[in-house]
Each structure stands twice: as structure tokens, then as C-alpha cells.
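Number of protein chains: 2
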Amino acid sequence: MPKNITDHSNLCLHTMTTKPWSLREAIDGYEKAGVPGITVWRQHLEPYGPEEAGKMLRGSGLHVVSLCRGGFFPADTAEGRQANIDDNRKAVDEAVAIGAPLIVLVCGAVPGMPLVEGRKQILDGIAKVLPYAAAANVKLAIEPLHPMYADSRSAVNTLAQANDMVEALASPFLGVTVDVYHLWWDPDLANQIARAGNTIFSFHLCDWRTPTRDILNDRGLMGEGCINLREIRGWVEAQGFSGYDEVEIFSTEYWAGDQAAFVERIKAAYLKHC
Amino acid sequence: MPKNITDHSNLCLHTMTTKPWSLREAIDGYEKAGVPGITVWRQHLEPYGPEEAGKMLRGSGLHVVSLCRGGFFPADTAEGRQANIDDNRKAVDEAVAIGAPLIVLVCGAVPGMPLVEGRKQILDGIAKVLPYAAAANVKLAIEPLHPMYADSRSAVNTLAQANDMVEALASPFLGVTVDVYHLWWDPDLANQIARAGNTIFSFHLCDWRTPTRDILNDRGLMGEGCINLREIRGWVEAQGFSGYDEVEIFSTEYWAGDQAAFVERIKAAYLKHC
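One line per chain: the protein sequences are R and C, in this order. Going by this note's numbering, the letters in the first sequence line up with residues 1 to 274, in that order. Going by this note's numbering, the letters in the second sequence line up with residues 1 to 274, in that order.
No lab work stands behind these hints, which were simulated from the structure alone. Treat each hint with caution, since some may be false.
Claimed, not checked - Computed footprint of chain C on chain R, listed as stretches where at least three residues anywhere in the stretch have a Cβ under 8 Å from a Cβ of chain C:
no., segment
1, 24-35
2, 114-122
3, 157-163
4, 180-194
5, 220-229
6, 260-271
Unchecked claim - Using C-beta positions, here's what the derived DEER-type ranges look like:
no., chain 1, residue 1, chain 2, residue 2, range
7, R, Glu264, C, Ala238, 27 to 35 Å
8, R, Asn217, C, Glu52, 41 to 49 Å
9, R, Asn217, C, Pro2, 25 to 33 Å
10, C, Ala135, R, Ala238, 46 to 54 Å
11, R, Tyr132, C, Pro111, 40 to 48 Å
12, R, Ala261, C, Ala256, 57 to 65 Å
13, C, Arg230, R, Thr210, 30 to 38 Å
14, C, Ala168, R, Thr210, 24 to 32 Å
15, R, Asp93, C, Gly80, 55 to 63 Å
16, C, Asp188, R, Ala238, 22 to 30 Å
17, C, Glu46, R, Asn217, 15 to 23 Å
Unchecked claim - If we take Cβ atoms under 10 Å as the criterion, some of the chain C residues that face chain R in the derived model are:
no., residue
18, Glu31
19, Ala109
20, Pro111
21, Gly112
22, Val116
23, His146
24, Met148
25, Ala155
26, Ala160
27, Asp188
28, Thr212
29, Arg213
30, Asp214
31, Glu264
Yeah, the Cβ is synthetic: ideal placement off N, Cα and C, and Gly gets one too.
Turn these sequences into a full structure, and let the hints steer you where they fit.
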């Protein structure tokens, strides 16, 4: 097991974790709470535009950890695939504007498209965006999504697949995101984290509730569920990962409550359970 | 691709597919509809008891394909684990009583128990039930469940894991169930089906709806979703599998409607999409 977490110096929140907050409110709220890291979702960036958002973030004391999310490569037509690649290049521009060194890729899936075809289109899409990202000094991280999202959100559903893609494209600008929610069940997880090694670019935390009441928006606060959070953190850190611990919780229940109080609960749960 | 299905001679329904029907109603309904196979769930058997249920089934023209479900081996205490093993032996007795040649195992999981421990307890539990099943000439099939059930229903979440267990215990009475709902997303599925070979004891059909509105009871009728049903059937049949095509749909939506009409919809969907 890794050593215990004793302070919040390595904590990062995703703006989607406090979805009701605007980017302005999130910046202010995280700073007030002493949370040093922020991962910005594009929907929170959009109302301000990347330039204005970049000014706000640079004017804060926060460290921008990543931009979420690029990806969604597969499409039924060549035009659709090109539009998706263009949108990923736009995400690179946004990352530059807000000072995010990394874009997390939710790779996409089209219901009814054979997974083999979707996976091929994903690899092709990443290959086409990668030079643009590298030229901008922005890294890309493939985030494998839980198999329950294979129909419509990502055809990349295991860390093994993400590792295969990273090895196939072999660029210092391409790595993986390890998200405990998506990967905890995998009997091969420890091995695949070791295989990923120094290509682990980011690490996402939350928990798996029993029962899970909604397939999208019922993630648990750390400690509310069954995920072996500390053990997985140990595996990741054993590979030399020293980035932020990013809390990414989609929860209709928590979004309905007071967000500042929720941030305090996250801080406590982080110390106790991660 | 396998050859098209042109009649219902290989069709089997799970009594849970028509959950509102009693076993009596299911027997009569399937016979009237010309569905030759039935897989009996223990909750449908329970009101009659195994002897009476056995008489009803032998008095019908139906072929009993399997008993669902054994398993649920892990428990926090030795007493709990023994109670689970005893319950599986009881299931063997029930299978004998109703003439079911096979019990499908949903292997179980305890929220918060490390998956590695759960998996160990599952292998141990199967090993303890297997001689009793073999002596009764009843086979056991490990059914890997979708990773979204790893918290509380099964710590066996890939066909690779089930194959490992079958190889470890090496008995002609132990095999696997291939259920498209649980396995369709797996990038290694074709390989693992080939590896399972003649240890494929049963084959379950339904579809994956987009969106999935409920994690348990929103399975789709074949053709309503994105699963490559025919391709997977081809992989299974290429291994020499010639058992029934079992339709297992848990659906709050379909359970709320007329069950005889639902059976007719299943028959049509089976010919069109499987």
C-alpha cells in the first residue's frame, strides 16, 4: 500500500464534479477550499471562451491539470470523422489557451457500429490529432471507459486496449488515464498499470456505489463504494506517477446539493479513503 | 457468419424472460407458442416445489435446458460460505428433480470484499459443489457477468476468467455460459470463445439498449440494441456448440405488458436478428 495522504496538496477537482458551478465559481470555490488543482471541462469553458477562461485561470492560484474531454472519434461518414478530428484540434487550441498540458480522450462509440471498426477509427483519429497536439506541446491521454459505455461513449474499454494503442503510436505525447471507476473490476489491472508505466498521464478517483441507481450519474464519493482506491493508487504510484489525484464524480444527488459543502466532503473523503 | 435461423426448433426461453408468468403459465404459454426449450429459474420453481414442478415439466412437451441459477459463493464468514455451498447442492437436487442437465452459475460478489478474494472463494465453492453435481450427472456452467455487476453479483467478469477456472478444475461437468449481454464488449471475446471450445454449455441471447435506463432490468429484445448477435452465434457454433439459443431478457418494460404477445415478438426477433 502507498503511504497515507495527509494533506490536500495533490488534490485536483474536475469542474464536472461541481457541475452546477460556473468556471468562475469553481475557480473561486476550489481556491477558497485549498484545492490546488483543476481539470476544466469544455462545457464549463464554453460560456467564457478559451481566452477569457485562460485569463481567469492564470489569474488564480490554481494549477490546470487537464482539459476534458477530447475524443469521440468514430462516425458513420468520412465527413463526420473529419469533423471529429477538427473538434479535437480545436480542443488542442483550447488547452493551449488555458495552459492545460493534457487533454483526456473519451474515445467515442457509435451504437451499432461494430466495435472492431470503432476501435480502428479511434486509433486513426488519435494518429491524425497527435502531430497537432505535439506541435502545441499538449499531451493526449486515452481514458479507457467502463464496458457499460461500449455502446455509445467509448469502444476502448480496458487499459490493455489503451496500452496497445499507446504502443502502436509510440509518441511521448500519448499516454493513458487510469480512472478507478472504469477499471477497478479488471482482473488484469495491476499488470496493465505496470505495463503502462510512465505513460500514465493522469489518475481519476471516485467510487462505485451499490446499488448503482443510474448508469451515468451515480458515481460515489470515495469511501461510499467498493473500489480498492488505495491499492490502485499504490499501483499507479509504483510506476513513478506523481501527478494530481483528480476527483471526478458525476452525481445527480451531489449536484443537487450545496457545492461548497460537497467540496469539503470530498476533501475529508480524500484523506480518509484514498 | 452462421447460417440464418429459419424456424424455432432451437429456441429456449428463460422463465425470467416472462417473469410475471408462473411456471404453469410459462409451460403452457411456451408450448402454445411452439417454443420447445425452457430454462427454469428457481424462483419460478419454488411455489410448486421441485417434485411437482418436475411432474409438470415431464408432462409437457418442453425440453428443460437448464436451471438458473446456482452460484453466489462468496461470503464474509465460513458459515456463510458453507450455507452457499449447501444451497448449490440443493440446486443440484432440484435440477435432478426437474430433469435439468445443467445449472448456470452466477458466481457472486460481496460489496467491499476484494475481488481477488471473491474470485478465490468462487473457485473454492465450485470445487466443493462439483463432485456432488457430477455424481448426479448434472453439469455446471460458469456464466461471466458484465463488469457492471462486479460489486455485488459476480466477481467473474470475463470469459477469460471463466475459462481459467474451467481449466483449473478440469472436469467434464464444468463449462461456461456465453451470454451476449455480459460479453459483447470484450475485445478478446472471439479468442476466448475459441479457447472455451467444447466447454461452452449454454448460450444466452438478448440485446443492449442505448440508452440503458436501468442497470438490471432494461435488457433489450434482440434487434433493439447494438450487440453483434449473429457474429457471436457464429463464433459459438464454430466450436461445435449445438445447444439451444436461450432468450434471457430482464425488462421492467416488457414484464409490464402482455406476456403471450411478448413471446411472439421474441419469436419474430429471433428469426430476424439472431
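Each hint, compared with the structure:
1. 24-35: violated (count 0)
2. 114-122: Satisfied; 3 residues make the cut.
3. 157-163: Since three or more residues must qualify, the claim that chain C covers the segment 157-163 of chain R holds, with 4 doing so at under 8 Å.
4. 180-194: holds (count 4)
5. 220-229: Check passed, 3 qualifying residues.
6. 260-271: violated (count 0)
7. Glu264/R with Ala238/C: 27 to 35 Å: violated (57 Å)
8. Asn217/R with Glu52/C: 41 to 49 Å: holds (46 Å)
9. Asn217/R with Pro2/C: 25 to 33 Å: violated (39 Å)
10. Ala135/C with Ala238/R: 46 to 54 Å: holds (47 Å)
11. Tyr132/R with Pro111/C: 40 to 48 Å: holds (44 Å)
12. Ala261/R with Ala256/C: 57 to 65 Å: Violated, at about 39 Å.
13. Arg230/C with Thr210/R: 30 to 38 Å: Hint holds: Cβ distance 35 Å, inside 30 to 38 Å.
14. Ala168/C with Thr210/R: 24 to 32 Å: holds (28 Å)
15. Asp93/R with Gly80/C: 55 to 63 Å: holds (57 Å)
16. Asp188/C with Ala238/R: 22 to 30 Å: holds (26 Å)
17. Glu46/C with Asn217/R: 15 to 23 Å: Since the Cβ atoms of glutamate 46/C and asparagine 217/R sit about 36 Å apart, the hinted range of 15 to 23 Å is violated.
18. Glu31: The hint is violated - glutamate 31/C has no Cβ within 10 Å of chain R, the shortest such distance being about 35 Å.
19. Ala109: holds (9 Å)
20. Pro111: It holds, given that the least Cβ distance between proline 111/C and chain R is near 4 Å, below 10 Å.
21. Gly112: Constraint on glycine 112/C satisfied, holds at 5 Å.
22. Val116: Check passed: Cβ of valine 116/C comes within 8 Å of chain R, closer than 10 Å.
23. His146: Hint on histidine 146/C: holds, closest Cβ of chain R at ~7 Å, below 10 Å.
24. Met148: Hint on methionine 148/C: holds, closest Cβ of chain R at ~4 Å, below 10 Å.
25. Ala155: holds (8 Å)
26. Ala160: holds (8 Å)
27. Asp188: holds (8 Å)
28. Thr212: holds (5 Å)
29. Arg213: holds (8 Å)
30. Asp214: OK, holds: aspartate 214/C within 10 Å of chain R, min 8 Å.
31. Glu264: violated (25 Å)
Checked against the numbered hints above, the structure violates hints 1, 6, 7, 9, 12, 17, 18 and 31; every other hint is satisfied.
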